[in-house]
Amino acid sequence: MAQIPLLIIVGPSGVGKTTLYKMLLNEFPNFIALSISYTTRSIRPNEKENSNYYYISNEQFDAMKDSDEFLECATYVGNQYGTARREVDRIRSQGKIPMLEIEIHGYKQLLATGIPLHGVFVKTDDLETLKQRLLRRGADMEKDIDRRLQRSLQEMEEAKTCPFDMTLVNDTLESSYAILRKQVKEWYSHILPE
Numbered sequence: 001m002a003q004i005p006l007l008i009i010v011g012p013s014g015v016g017k018t019t020l021y022k023m024l025l026n027e028f029p030n031f032i033a034l035s036i037s038y039t040t041r042s043i044r045p046n047e048k049e050n051s052n053y054y055y056i057s058n059e060q061f062d063a064m065k066d067s068d069e070f071l072e073c074a075t076y077v078g079n080q081y082g083t084a085r086r087e088v089d090r091i092r093s094q095g096k097i098p099m100l101e102i103e104i105h106g107y108k109q110l111l112a113t114g115i116p117l118h119g120v121f122v123k124t125d126d127l128e129t130l131k132q133r134l135l136r137r138g139a140d141m142e143k144d145i146d147r148r149l150q151r152s153l154q155e156m157e158e159a160k161t162c163p164f165d166m167t168l169v170n171d172t173l174e175s176s177y178a179i180l181r182k183q184v185k186e187w188y189s190h191i192l193p194e
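Just so we're aligned, residue 1 is where the sequence shown starts under UniProt numbering, counting upward by one.
These are calculated hints, taken from the structure and not from any lab test.
Please note that the accuracy of each hint is not assured.
[Unchecked claim] Below, in silico cross-link-like pairs of lysine-lysine (BS3-like), each with a Cα-Cα straight-line distance of 25 angstroms or less:
#  : residue 1 : residue 2
1  : K185      : K65
2  : K48       : K108
3  : K65       : K108
4  : K160      : K96
5  : K48       : K160
6  : K96       : K131
7  : K160      : K65
8  : K185      : K123
9  : K65       : K48
10 : K123      : K182
11 : K182      : K65
Assemble the whole structure, with the sequences as input and the hints as a guide.
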């Protein structure tokens, strides 16, 4: 049996990736599962351990990387993030589509492996909206806003030369989700219900 292609959601902080993937999970809970990434960053007040991320130390992360436990890993704004092979295998063993929310360097690593996947780059054309979304995340983010906005601009520029299956401009949530949903249903028509 062929491997179920990964569904990869990529985009800068604050463009709405999380909201969009949660909408997919809510609509298709028996068919799509989020691959929980590992990270060395601190847990945010609204997050839960083992739900948003597996929070580990830099030493633990480096040990996993040295043991080749990650399909992809990258550093973003000073913190490490990675997708463990066992997490994707766990989801596939349930017959579900593994969905990953990762950054662009991790996506490029996955492309280089030849693993079957469908990549979606989510972006916004309105940087002021992006800044406001980042500010709403909390006071701990304020010191990082300029750095994150710079990184967002770099990522959107880098995405222009990266082979994504779809680029989604998330201006209005409802229309963006309708476009994403239609495309995902087309890619995974053999798995998702009509």
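How the hints compare with the structure:
no.: 1; hint: K185 / K65; in the structure: violated, 34 angstroms
no.: 2; hint: K48 / K108; in the structure: violated, 28 angstroms
no.: 3; hint: K65 / K108; in the structure: holds, 17 angstroms
no.: 4; hint: K160 / K96; in the structure: violated, 30 angstroms
no.: 5; hint: K48 / K160; in the structure: violated, 34 angstroms
no.: 6; hint: K96 / K131; in the structure: violated, 35 angstroms
no.: 7; hint: K160 / K65; in the structure: violated, 29 angstroms
no.: 8; hint: K185 / K123; in the structure: holds, 21 angstroms
no.: 9; hint: K65 / K48; in the structure: holds, 24 angstroms
no.: 10; hint: K123 / K182; in the structure: holds, 18 angstroms
no.: 11; hint: K182 / K65; in the structure: violated, 36 angstroms
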